[in-house]
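Could you build the full structure based on these sequences and the hints that come with them?
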Amino acid sequence: MKLPRRVPWASVGELDEVCAAIYADESHLESKIFAVNKLVAWKAITSLPHAIESTLSLLSVIVQDDCSNASSLVLRHSYSAAVIRMVNGLVDPLQFGIYARSIAAIAVQLGLPAWLVELRHAATHEDLPSLEVLREAARQSMTWLLHNYWLPTLDPSTASQPEAPPLRPLEPILKEYRSLLKLTTRDASLSKQYKHAMTDVFKNIEKWIAEATVAANVVNGGLGWDQPDGAESSRNAREQWALEVFSDVLIEKGGLVPLSKKKRVFPPESFCPPENSVRIWTPLLTNVQALHPEFLSILVNRALSRLLATSTTPLKNDAPPDPSYDSTLARWILWLVDRCDPDQSSDENTRADIVASLLTVLGPGSKHLAHAKKNLNELLSALCTGYPSLSSACTVLQSSQQISSLDWTAKDLSVMEDRLSVLVSLTTENEDQTSNVFNETGAVSSAGWNLLDSSCWKPCPIGVACAPIFK
Amino acid sequence: MLSAIAARKAATAAAASGGVKPDSYSASASTSTVSTSISTPITKSKPRPTPSKRKHSTNAALDGSITAKKRRRRERDVLEKPRAPRSRYFEQGRPAATEGEDGVGKGEDDEEEEEEDWDGSNSDVKVQTTATRGYSPSRPISPDDSSDEEQVQNGSIQPEPQSQTQSQVLLTTFVPIPGQNTFYLSPDELSLVLSAEKSTVPATLIALGPSENLTLLGTYRLTVIRGSIEIGGAILRSRVHPETHNVFAPRSSPVPSIRVVSSAPSSRSPALFPLRIQHEIDALVGDPVLVLLQELRSGVEALGKVCRTFDGVFELHPRDVLNRNRELEEEAEDVLRLRSVRIITHQSKYVSPLVIPPSWEKALDEVSTQNLECHDDDDDSETERKHPPNIYLIKGPKKVGKSSFARTLVNRLLSQHNTLAYLDLDPGQSEFTPAGLIALTLVSDPVLGPPWTHPSVPLRAHFIGAFSPKGCPGLYVEGVRDLVRFWGEEVCWGGGKSAIPLVVNTMGWAKGLGVDLMKRIQDVLVVDGVEKVSYETCFGSRIGSESQAVMCVYEFGQSENEMGNVRQRGMDGLPLERSSFFGEGATSRVDHLQHHPPPGIQIHNLEPVPVAASNTLSLLFSAADQRTMNIMSYFHAVFPSSSPSSSSYTAAPHWDASLPLLARPPYQVDVGRALDRVFLLGAGGEVIKTEIENVLGGAVVALVRCEPGTLDAIDDNDDDSTQGQKQLGEVGTKIPYFPTSTSASSYPSPSTSSAVGLALVRSVAPGGSHLHVLTPLPLSAILSSSSISSGLNLSKSLDMGMGMGTGTGAAGARVLVKGEMEIPIWGMVDFRRLGGRGANGGEGDEQRDVPFLQWEKGVGVGAERRRVRRNLMRKGQGV
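Going line by line, the protein sequences match chains D and R.
Note that UniProt numbering numbers the first sequence so that position 160 is 160, with each residue one more than the last.
Note that UniProt numbering numbers the second sequence so that position 494 is 494, with each residue one more than the last.
FYI, nobody ran anything at the bench for these hints, they're computed from the structure.
Some hints here could point you the wrong way.
[Claimed, not checked] As a list, the in silico BS3-like pairs of lysine-lysine whose alpha-carbon atoms are at most 27 Å apart: (1) 734/R / 458/D; (2) 43/D / 349/R; (3) 689/R / 43/D; (4) 470/R / 43/D.
[As the list claims (entries may be wrong)] A few chain R residues that don't get close to chain D, going by computed Cβ distances all over 10 Å: (5) 281; (6) 415; (7) 418; (8) 473; (9) 520; (10) 607; (11) 772; (12) 822; (13) 872.
[Unchecked claim] Rough simulated footprint, nothing fancy, chain D against chain R, three-plus residues with beta-carbon under 8 Å: (14) 509-518; (15) 676-685.
C-beta: ideal position from N, C-alpha, C; glycine also.
Here it is as structure tokens:
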């Protein structure tokens with residue numbers, strides 16, 4: 001369920017007015033003072049978004065610089081504090097992952113000028129910068145905020161998606177990981193030697209995921225779900241996107257599925273992926289799963305969608321069908337689902353989800369290639385073994401292959417109506433609200449407190465000013 | 001970020017077993033070992049909706065917060081499972097990732113800036129006293145707030161087997177059998193039994209055997225007809241005039257059980273029973289305890305619609321409904337025939353019972369024996385003031401169960417005293433008042449339910465304005481001093497014969513400013529409380545006083561690691577500091593308690609609440625959620641309009657949640673006639689006068705009653721510019737708000753003012769002539785000139801001091817004070833249009849255009865509020 005956020009402005013017009021006042025010409029000091037007062041009042045109403053708060057702090061120092069005779073040292077301290085807080089506040093929420101990424105790296109992804117980050121560092125740890133540098137920094141920060149917050153907020157449609165630096169590719173990291181693991185699985189004594197390299201690779205992957213999570217913001221259109229507006233959920237959405245990109249790369253040939261077809265050799269008795277692949281990829285999967293608990297389910301879902309996509313697309317010229325790829329992928333799916341341990345009281349059952357999707361896809365009317373269907377059926381039966389409820393569901397749903405198309409008769413309509421009435425009666429009725437009428441009739445009006453009743457007052461949103469009603 | 005914590009721990013585990021795994025590869029080629037070593041850390045995770053797949057079931061996931069909480073819960077499973085590798089890891093002697101494990105806490109949780117706390121007790125790894133990472137200049141340092149995390153002191157570790165046996169303990173051993181130990185009463189019969197007027201609510205009479213207990217989920221009214229039972233720490237006995245208590249038991253808090261204490265009827269006259277069941281009752285074997293249960297129709301369930309986090313919290317969780325053993329429990333549930341109640345037999349993930357650990361029992365028993373001794377002497381009516389009242393102080397870090405213990409202590413004390421005073425010093429998690437206030441409340445009925453089920457009007461309170469006093473410690477300490485003084489002077493002898501003891505609940509702020517505040521509070525209690533009352537006792541009583549007021553300090557223990565070091569350190573386990581916020585030396589009077597407790601102060605060490613119980617609940621319902629619910633419950637409560645003379649604590653008997661706040665007709669307040677002054681606390685003091693109307697619109701304010709003449713004293717301190725403002729008349733707005741040019745905020749001094757309660761200023765008329773105000777307080781409370789005279793003989797001077805000089809209409813709460821706290825977002829939306837569970841936000845355009853609310857996600861960089869990570873590691877740290 002979506003909840004709104006409280007904002008201190010009544011309409012975007014008010015925000016526009018304040019923005020115009022803030023970025024008014026250099027000489028219009030009164031408009032800046034008006035803007036400062038307005039923003040201070042907004043801050044007392046509710047907590048402001050970080051960008052507005054940074055604007056307020058920078059603006060108040062600028063005003064102080066212009067109109068009062070504060071000493072240079074005081075001004076430098078004020079400017080420094082404002083710049084430091086601004087950069088920190090922009091970068092801190094984007095520190096995803098367990099290790100800190102450098103502020104400079106995140107700033108690059110945000111589009112913040114690099115010298116501002118250096119200035120922040122200098123102001124925090126080294127000598128206080130000079131007034132001239134700080135004034136320039138304040139000016140540039142204000143401009144940056146204008147382009148990156150105020151303008152997009154005031155007019156979301158014209159917000160041009162900033163050109164984000166593209167994500168650095170993941171493949172080299174995975175390649176390195178693969179080679180490392182090949183060495184260690186073949187010769188276990190080398191594992192100690194390569195332990196550091198392994199941890200480095202893991203850290204690298206974590207960093208890549210964190211970078212992708214930050215970049216997910218920029219690709220905002222991709223996050224299409226209805227999420228309530230909150231840092232936690234937006235962070236979840238971003239992480240999900242990043243993990244999905246990660247999964248997509250893993251699913252490619254060369255990842256979980258070996259590149260060469262010769263290596264796609266399956267153990268005969270069970271529906272398992274090639275042993276080599278399992279050995280190679282298990283540490284990575286374990287690691288990432290430990291850090292991101294939804295990873296396995298995301299991977300499974302992506303793999304499944306990929307599998308279904310490849311099996312339903314008609315023969316394309318450029319991509320010849322690759323049955324061994326599909327079967328390997330199917331086996332990986334089963335292996336992954338087996339690893340998703342449901343608790344005692346499982347909230348959602350990945351296995352049941354996948355079975356359901358497969359059943360819908362395999363239902364009558366699907367256009368699948370023959371080998372793909374066989375593959376999917378094998379996967380389905382493998383998923384259901386050991387789960388009697390699922391297998392019974394499968395048999396029930398799959399046996400209804402022969403649906404003879406009946407014509408609608410009049411009786412059918414009455415049957416449908418009966419069913420509808422049954423369903424309707426099952427819905428829970430709302431409890432009868434015992435509405436207690438306010439019994440404060442005859443309130444003491446002489447003291448100035450009057451209870452209004454519904455005859456002279458209509459419901460309106462909180463905060464909207466309304467004219468007094470005189471009886 | 002909790003997954004980061006889990007990550008680190010699992011990473012350490014993985015690193016430990018990373019050295020092991022390749023061996024296992026070479027040792028056995030079978031995949032079984034590989035799979036076992038993998039399956040431990042990987043747990044079930046929730047699948048995300050994929051576009052082409054079937055519709056995501058929106059059953060349980062109401063909003064992102066629950067999703068996050070599920071994640072967090074799984075994190076804890078991750079933490080608890082790989083135990084073996086972790087012990088190995090420590091045996092290798094590598095230093096623990098102390099920095100990461102210590103600096104825990106995630107700040108991104110709620111929309112509020114207050115950090116959500118991390119169970120210090122959940123870091124169930126024993127941190128050996130390895131060198132913590134020294135001061136790091138780049139570590140983000142921000143002031144801790146009251147819900148601060150423990151960095152050094154981890155809660156005591158609960159061994160796993162204990163939690164497992166708890167889950168098998170039957171919560172209800174009473175098996176209701178209609179006709180044998182369960183009888184249904186019609187309203188006529190009910191009035192016969194209770195010897196009261198008719199009520200329309202159905203009732204069930206049950207007979208409990210000697211060692212039976214019964215756990216009920218929901219709301220009910222409880223009357224003991226014969227025998228005595230214990231519930232939630234309160235011992236309820238049968239009386240000549242049966243007393244009925246309201247019990248609220250939602251699954252968002254531990255659920256109390258009804259336990260049999262003794263079956264001897266303590267009242268002489270047996271209760272009357274209708275003939276048809278008289279035979280069965282006489283035929284009952286043993287001496288059963290007879291308890292009458294009735295439905296409680298208070299409207300509290302409707303509060304779940306207002307704040308959706310608590311929707312359906314008085315019923316079983318849907319998962320429990322699915323999982324229950326259908327044959328057995330379905331029948332049992334309907335047996336009681338009470339609509340608002342369900343019997344709970346087993347603990348589940350969603351329902352946990354109220355557990356009183358043994359050290360608490362010991363402490364409570366000591367309290368009982370102490371009080372019994374002094375009560376024996378009370379028969380002699382001459383010795384009116386023989387024994388002075390006691391102070392009971394409860395302190396400790398957070399999440400140890402202080403509030404639960406406070407509630408059980410209050411309940412236990414109420415079996416010996418008629419009334420007691422509860423001083424709540426935690427503005428973030430108040431017991432009887434909404435958040436933002438520190439208050440002194442009189443309690444005379446047992447407290448049986450979470451804080452939001454008994455909102456009440458305090459006897460005397462002060463508005464702090466925020467959920468933590470970190471912004472205004474001076475005001476906080478002044479307020480505390482005033483409340484303790486008020487108790488010492490006015491309240492503690494108010495009961496006539498028996499004294500009214502004081503129970504003090506404090507914040508769980510264990511470091512930094514919190515420690516200093518705690519020291520100040522203890523000093524205030526000792527000086528203004530214990531010593532003053534003892535002094536007055538010996539002064540006033542005719543009999544020589546060997547009796548002295550006693551302050552019992554209940555301190556929640558720390559982990560076993562720290563206990564050995566406690567002697568060398570201060571009481572809090574930290575080295576004694578040389579200086580404190582308040583500038584004095586470190587040695588407060590109560591400092592060397594461990595070595596030489598001064599007379600009159602007893603210290604009891606208590607163990608914290610078992611971890612398993614508090615974990616799941618705090619995941620689903622965080623402290624911030626409970627606070628939100630507290631505020632919303634307060635605003636929807638219906639207080640009785642006239643304080644009845646019999647009960648001294650005006651708890652709201654029912655709630656009205658039929659209309660959202662924005663649809664309720666407000667009070668129209670004439671500013672010129674009803675308001676004297678408006679204050680903005682804290683940073684709000686910088687707001688200029690012309691903006692005050694915007695600031696007040698939609699604001700939560702406290703209605704404060706100031707003693708006449710004191711406001712002028714504040715005015716005298718302002719400088720000339722504001723004086724001129726007032727004299728020249730209003731500048732643009734009629735609202736009496738006068739910011740000082742020094743922008744230091746002024747506030748009504750706590751020693752001469754008292755807050756009555758909270759109100760929501762819905763809107764301000766342009767020009768400031770009128771306000772539209774919503775408040776649940778009855779007008780009599782707002783406009784009266786004295787505090788609620790609650791059947792006590794408050795000293796006459798108090799009443800007269802307030803009443804004199806009031807003239808016509810100058811009485812009552814005429815000052816508005818606004819602090820940092822805001823109305824929760826639940827209060828600003830129309831819950832009728834939010835849709836049922838699983839509805840998306842697409843309610844149509846009319847919802848979108850509501851002013852002051854933004855439904856879309858913020859666009860642009862920096863559009864969210866700030867959020868700080870305190871557990872970030874650097875490259876060289878951790879693994």
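> Which hints from the list above does the structure break, by number from lowest to highest?
Replying inline: 2, 11, 12, 13, 14
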